[in-house]
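For the record, in the sequence shown the residue sitting at position 181 is 181 according to my numbering, with numbers rising by one throughout.
For the record, the hints were derived by calculation from the structure and aren't laboratory data. By construction, the Cβ of each residue, glycine as well, lies at the ideal position given by its N, Cα and C atoms. Mixed in with the good hints, there may be bad ones.
Said to hold, decoys possible - DEER-style ranges, computed between Cβ atoms:
1. Pro-128 to Gly-86: 17 to 27 Å
2. Gly-40 to Glu-151: 12 to 22 Å
3. Asp-100 to Arg-25: 37 to 47 Å
4. Glu-195 to Glu-172: 42 to 52 Å
5. Glu-150 to Glu-44: 13 to 23 Å
6. Ala-37 to Gly-85: 18 to 28 Å
7. Asp-138 to Gly-118: 21 to 31 Å
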Amino acid sequence: MLLASLLTAGGLVMSGCAKVPEGEREIEGVRFESEIAQTGGALEVSYRVVNDADADVYVIDSVPTYANGALQPASADTVYVLGSGGSRAEVSKRVFALPDDKSFAQMPAVGWVKLAAGEELKRDVRVPLPLEEYRPFDDDSVPELPDPVEEVIFCVGVLDLRDLYPDGVPAEVTGLAHSDSAAESQQIFCSEPEEL
């Protein structure tokens, strides 16, 4: 089944759905398009982010993994898989606010791709089915994957970092850790739900 949802905003037709949860930034001029297909025991997600804003934005493109109990470098092939209310799952590349009671010896950090004004990013992501839960934190601050999962959305975070880096993001900075300030700098773009 193929999902190609359409939004019209300012005369532009966009595939996907841009939601702005309370307390998160809305970045004017950024467009998101997505398609989700189920093929060969996997979700195939194709998405595109276009920066028509007048400033650089940073698209979350890689998520850290754990192997043998240790944090590994972020990978573009990894996504978070968590609950999104009811029987819906969220498959995503984004940052999360840090729970009050969490501390880490090594804070998990996501990687990004910088998009200057006028640039775009296209990506394909393959997620095996059935979905396997992978959350940034193991407490109730991030919803657990429901059982059963009846539908799924794909979300990507786009960051406006001008408040965090008023003089510009240093070239050596290629990502950032989950935190309240990161989450407040992020707009989350999500697809329409796809039935499983």
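Structure-based check of each hint:
Checked against the hint of 17 to 27 Å, the C-beta distance between Pro-128 and Gly-86 comes to roughly 22 Å, which is consistent with it. Between Gly-40 and Glu-151 the beta carbons are some 20 Å apart, a value that agrees with the proposed interval 12 to 22 Å. Against the hinted window of 37 to 47 Å, the Cβ-Cβ separation of Asp-100 and Arg-25 comes to about 21 Å, which falls outside the hint. Distance hint for Glu-195 and Glu-172: a CB-CB separation of about 44 Å, consistent with the stated range 42 to 52 Å.
Between Glu-150 and Glu-44 the beta carbon distance is about 19 Å. The supplied range of 13 to 23 Å therefore holds. For the pair Ala-37 and Gly-85, the beta carbons lie near 23 Å from each other, so the given range of 18 to 28 Å is met. Hint check: Asp-138 to Gly-118, Cβ distance near 40 Å, so the stated range 21 to 31 Å is violated.
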